[in-house]
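Residue numbers (full-length UniProt numbering), protein chains in the order written: chain U, 1 to 278; chain H, 1 to 291.
For the record, the hints were derived by calculation from the structure and aren't laboratory data.
Computed from a predicted model, the values in this text were never measured in an experiment.
It is possible that some hints are incorrect.
[Unchecked claim] Calculated lysine-lysine pairs in the DSS-like style (CA-CA distance at most 30 Å, straight line): (1) H:LYS64 with H:LYS279; (2) H:LYS183 with U:LYS37; (3) H:LYS116 with U:LYS244; (4) U:LYS53 with H:LYS279; (5) U:LYS53 with H:LYS64; (6) H:LYS183 with U:LYS227.
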Amino acid sequence: MNNSMISSMVSLGSLQQRLDLLADNIANLNTNGYKSKDASFVDTLTRVQQQAKDMTQLTGRSTPSGYNLGFGAKMSGLSLDFTQGEIKDTGLPTDLAIQGNALFRVRAADGSDAWTRVGDFQLHPDPANPGQAALVTSQGYSVLDTTGQPVSVPANSKLQIAADGTLTVTDATGTFDFGQLQLDYVNRPEGLVELTDNMYGLVSGAVQGDVLTAVDTLADGDPRLNKVSVRQGALEQSNVDLSKEMTDMLQVQRAYQLSARALTSSEAMMNMANHLRG
Amino acid sequence: MLRGLYTAAAGMITQQRLHDTVTQNIANVNTTGYKQVNSVARSFPEVLLSAVGGKQNSSAPIGKLNTGVFAEETLPTFTQGDARETGKTTDFALVADLQLQNPDTGENYVFDASGKSVQEDGSVVYQPQAFFTVRDAEGNVKYTRDGDFHVDAAGRLLTAEGYEVLGTDNNPLTIGGAVDQLKVDNQGRIVNSDGTNGPQLLISVANQPNQLVRDGNGVFEAADPAAAGINPTAAGAQLEVRQGSLETSNVDSAQAMVDLMTAQRAYEANQQVIQYYDKSLDKAVNEIGRV
Chain U
1 MNNSMISSMV SLGSLQQRLD LLADNIANLN TNGYKSKDAS FVDTLTRVQQ
51 QAKDMTQLTG RSTPSGYNLG FGAKMSGLSL DFTQGEIKDT GLPTDLAIQG
101 NALFRVRAAD GSDAWTRVGD FQLHPDPANP GQAALVTSQG YSVLDTTGQP
151 VSVPANSKLQ IAADGTLTVT DATGTFDFGQ LQLDYVNRPE GLVELTDNMY
201 GLVSGAVQGD VLTAVDTLAD GDPRLNKVSV RQGALEQSNV DLSKEMTDML
251 QVQRAYQLSA RALTSSEAMM NMANHLRG
Chain H
1 MLRGLYTAAA GMITQQRLHD TVTQNIANVN TTGYKQVNSV ARSFPEVLLS
51 AVGGKQNSSA PIGKLNTGVF AEETLPTFTQ GDARETGKTT DFALVADLQL
101 QNPDTGENYV FDASGKSVQE DGSVVYQPQA FFTVRDAEGN VKYTRDGDFH
151 VDAAGRLLTA EGYEVLGTDN NPLTIGGAVD QLKVDNQGRI VNSDGTNGPQ
201 LLISVANQPN QLVRDGNGVF EAADPAAAGI NPTAAGAQLE VRQGSLETSN
251 VDSAQAMVDL MTAQRAYEAN QQVIQYYDKS LDKAVNEIGR V
């Protein structure tokens, strides 16, 4: 196979990956709390073809010896875009939206900590404590408070959540404080990896304290402190920007066509070589 | 043997190389910080033809002939790509228009749009180019225009390919605080949260950018740093680091398409010439002398 064919084949493959990614984003246009993904591209490994000795440094040449050939472009990395999505009012007291760059801490199925941005929580009867209701995500994972315990409130009470995540419960006997939801500020988004059910976990080897900082431990005057707040009765929408995704898609489509055209052209050249002899 | 047969074959190979180079450009039409390459062809050294078997023993010269062509080099075009706004704090675009002083006249060279200046004596001076300085896992220093950086879980500033980004002290940079609070000024200096200056991105200037060898993965390598004239940026150089932007590829897709067609048709022309030679040979072998 000639070099042009390899280059165009490699880039068609990576453009297809890019298109898959865009399709993933567009498919999640209406997923609550979805964070769009972005891909980086680099040119692929280059081969330097050596030339005959007496041809290497002829006068007028301006580059080092050899003829430099590349093999297309490849996708080198994926990153999550943690920008704020729009906040939509729902009126449900257990719907929570985070404004700012933070995550709710939840307990994953294996007992470890996980994080989520999706605040469409529900109150479920707590099997451990009859008469109590546990705050869980829509997939049933417990939401944790600042002491690291699952949030549990008296059943049939009125739940109020302040901007800093403080829980207040009102029932027939009065108003009680029920701790504070654990919010973690995202310092390094690349230290997070997507898990199932809209949750994030730490990438292997990452130190939790580096990647995330508990919002309630931030010192006064820390610039991050005023940038996080919880809104009750609202949900964060997906942060996918449809017009950007469509523009990217157009760009990918044209680049795909261009590469396909290069492939056709090198195929035609190969055909010519095959038909040298009549 | 007919001389032109091999000339045409060399022409085909060269056009194939040209086509390969254009395909590589097309493949990277959306690659951040990619610099277009152009294939430069050179004719084979001339040979002197002489008539043999004349009346005198001494052969009479006829003239000079080139017996072919070869793709000599791939010349990168380091023109500035457009800066595209992304809003990410770890994306950087390098916008540079570096000047070079002519040591004879004391004035700055005037560079054309492709970044070169042709002198009266015919020599060519290339415009110096600025690059981010990165280091691979083996400790080799590389240069890149691709400012699509990332901060990993340990806080290291890395390229998309995982190379460490170096600071002015030649050590890899680490980002202490939250990534979304990162501020970098237009000289590549990290501004701490209290407003003081932190470490600075090492921007290297290559006075002979053509001496840099493309290494894949978005980086260039200087096989001979002295020949490439690599230096840290001088103070007051005309360059700017734009945080929250990325430099797009400088490939001109319309030009690439035209180059592609040209290479293909020139290849075809050479192929036709070979076929004509083949027909001539056919006549010589099979028809001359037929009774």
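Verification of the supplied hints:
no.: 1; hint: H:LYS64 with H:LYS279; verdict: holds, 26 Å
no.: 2; hint: H:LYS183 with U:LYS37; verdict: holds, 23 Å
no.: 3; hint: H:LYS116 with U:LYS244; verdict: violated, 36 Å
no.: 4; hint: U:LYS53 with H:LYS279; verdict: violated, 35 Å
no.: 5; hint: U:LYS53 with H:LYS64; verdict: holds, 23 Å
no.: 6; hint: H:LYS183 with U:LYS227; verdict: holds, 16 Å
Violation of the numbered hints given earlier is confined to hints 3 and 4; the remaining hints are satisfied by the structure.
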